[in-house]
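*Asks:* Spelled out, the chains give:
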Amino acid sequence: MLSGKEELLNKLKEAAVNGDADEVTKLSKKVIEIGIDPLEAVEKALITGVLELGEKWINGEAFIVDMIAAAEAMKAGLSILKEEIVKRGGSIKYRGKIVIGTVEGDIHDIGKSIVASLLEAAGYEVIDLGVDVPAQKFIEAIKQYNPDIIGMSALMTTTMLKQREIIEAIKQANLRDKVKIIVGGAPTTEDWAKEIGADGWAPDAASAVELVKKLLK
Amino acid sequence: MFKFSREQKILDIAGVKIGGQPGQLPTVMIGSIFYHKHKIVIDEKTGEFNEKKAEELLMKEKEISEKTGNPRIVDVCCSWPQAFGKMIDFIARKVDGPFCIDGATAEVRIAGAKYVGEVGLSDRVIYNSITPHTREDEITAIRDAKIKSAILLTLNTRNPTITGRIQVMDELLAIAQKAGIENILVDVCVIDIPDPGPISKTIYLVKEKYGLPTGAGVHNAVVMWKKKRALTPENYMLAEGVANAIPIALGANFILYGPIEYAPTAYFSCALADAYVAYNARQEYGIKPLTNNHPLYRIFK
Numbered sequence: 000m001l002s003g004k005e006e007l008l009n010k011l012k013e014a015a016v017n018g019d020a021d022e023v024t025k026l027s028k029k030v031i032e033i034g035i036d037p038l039e040a041v042e043k044a045l046i047t048g049v050l051e052l053g054e055k056w057i058n059g060e061a062f063i064v065d066m067i068a069a070a071e072a073m074k075a076g077l078s079i080l081k082e083e084i085v086k087r088g089g090s091i092k093y094r095g096k097i098v099i100g101t102v103e104g105d106i107h108d109i110g111k112s113i114v115a116s117l118l119e120a121a122g123y124e125v126i127d128l129g130v131d132v133p134a135q136k137f138i139e140a141i142k143q144y145n146p147d148i149i150g151m152s153a154l155m156t157t158t159m160l161k162q163r164e165i166i167e168a169i170k171q172a173n174l175r176d177k178v179k180i181i182v183g184g185a186p187t188t189e190d191w192a193k194e195i196g197a198d199g200w201a202p203d204a205a206s207a208v209e210l211v212k213k214l215l216k
Numbered sequence: 000m001f002k003f004s005r006e007q008k009i010l011d012i013a014g015v016k017i018g019g020q021p022g023q024l025p026t027v028m029i030g031s032i033f034y035h036k037h038k039i040v041i042d043e044k045t046g047e048f049n050e051k052k053a054e055e056l057l058m059k060e061k062e063i064s065e066k067t068g069n070p071r072i073v074d075v076c077c078s079w080p081q082a083f084g085k086m087i088d089f090i091a092r093k094v095d096g097p098f099c100i101d102g103a104t105a106e107v108r109i110a111g112a113k114y115v116g117e118v119g120l121s122d123r124v125i126y127n128s129i130t131p132h133t134r135e136d137e138i139t140a141i142r143d144a145k146i147k148s149a150i151l152l153t154l155n156t157r158n159p160t161i162t163g164r165i166q167v168m169d170e171l172l173a174i175a176q177k178a179g180i181e182n183i184l185v186d187v188c189v190i191d192i193p194d195p196g197p198i199s200k201t202i203y204l205v206k207e208k209y210g211l212p213t214g215a216g217v218h219n220a221v222v223m224w225k226k227k228r229a230l231t232p233e234n235y236m237l238a239e240g241v242a243n244a245i246p247i248a249l250g251a252n253f254i255l256y257g258p259i260e261y262a263p264t265a266y267f268s269c270a271l272a273d274a275y276v277a278y279n280a281r282q283e284y285g286i287k288p289l290t291n292n293h294p295l296y297r298i299f300k
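As they're listed, the protein sequences go chains B and P. For the first sequence, numbering that gives the first Met the number 0 begins at 0 and goes up steadily by one. For the second sequence, numbering that gives the first Met the number 0 begins at 0 and goes up steadily by one.
Where hints are given, some of them may not hold.
[As the list claims (entries may be wrong)] Heads up, simulated DSSO-like pairs for lysine-lysine below, C-alpha to C-alpha not over 27 Å straight-line:
no., chain 1, residue 1, chain 2, residue 2
1, B, 193, P, 36
2, B, 55, P, 44
3, B, 96, B, 136
4, P, 225, B, 55
5, P, 227, B, 55
6, B, 193, P, 44
7, B, 96, B, 4
Rather than coming from a laboratory, the hints here were simulated on the basis of the structure.
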């Protein structure tokens, strides 16, 4: 028989997988109320749940809408549990910090958001700069957040050129040796990534997670 | 099948009629030309392309359109601002009636809007597309060019569900009004492989609530599938046919069927779906096609 704690964490995990942000919020509050370690709840319920969903997505058993809903639900839970973790003097041990964004001139959000969700689910701290992000904003983010990796998405041939410009701007700002840079998006290729001096390229969201793991080993 | 309880708008955009109750008008077919990596494009940046091959594709599509009775609207795609004028000029000369201008970025679309405004083609143009993210400068460009027709894309990146798509409709209508758009088409925005299901229901709900001509680019869903999992050519074509037919069964008025090269199979599947829907509408509701050119009277010959 499951203990009350296990049962609650299972329910929390299930709610995250189902993308039920309201239920995740309710259960995360309950975790705190009954004194369960919030860090354990993040790791055993939220992260594990979304990771499992990520696997299903890769296998064609879950879909974009499920991934987006689960990531939103996880965020709702994290916002509550993180506060308690900090109160207890702890912190979530992320595997690395990633700043991600779709480059200037490009408003494609979905691919980038899925990569962000999968990275979060894989235990990385993700700062999502959104879409239509100019070089200056990436530079400011490097200074502000000190990330391990910058990820740039571009969904069009015209906007992939911005990936080169942004890398050049990061070099000009003398920040290139402080971060690894990865690129992706439909028109990009491994050769393109090499040509513009990126550290890596991923053809899809799942590969992006593998790439990040490899680069931060 | 069904008919909508709300009165359905029928638009006449430069001679092409679109909208209405199921069975009234043939599905309008929107195929893309000069899209990214289109073989007939020699230089995407300058807009240089093989005119002979482009003309052949347009002629072939015209023949198919005349055969099935499904009107066509060519979607002129472009990735570079400086290339758009050349492509628009060519299509305006070679095609009768309306055409879409479909730029890869806001800058390209703005360049296209300015161009059609300058050369007096605005009445024939359908702006593809206005989204909830459309910027102020783009809205101004559409208004200044006096473009009166546009496709509104129900893109909801935080909630790409049936509900999420419907949620952005009012926002889109407000943007369209600001841009001076009078003829509104709604594209319910396919983003994932199994989307032809929920987007078909979205089409139904948008038409029931707003009465506007509505459709989708279901081809995108099949292409995504093909990229992820190998499909045999036969299954790929069957998938395209099924994906085209389902939205039509739920009331779609237009289908963005993908590359213009796909016209033969896309027109066939849509015309057949149109015929089935129209035959039902006639039996069940006494709704008759508004044109003798309807696929119902052509495809079974």
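*Asks:* It remains to establish, for every hint, whether it holds in the given structure.
*Replies:* Outcome of the hint check:
| no. | hint | result |
| --- | --- | --- |
| 1 | 193(B) - 36(P) | 22 Å, holds |
| 2 | 55(B) - 44(P) | 40 Å, violated |
| 3 | 96(B) - 136(B) | 17 Å, holds |
| 4 | 225(P) - 55(B) | 18 Å, holds |
| 5 | 227(P) - 55(B) | 14 Å, holds |
| 6 | 193(B) - 44(P) | 23 Å, holds |
| 7 | 96(B) - 4(B) | 30 Å, violated |
Hints 2 and 7 from the list above are not met by this structure, while the remaining hints are.
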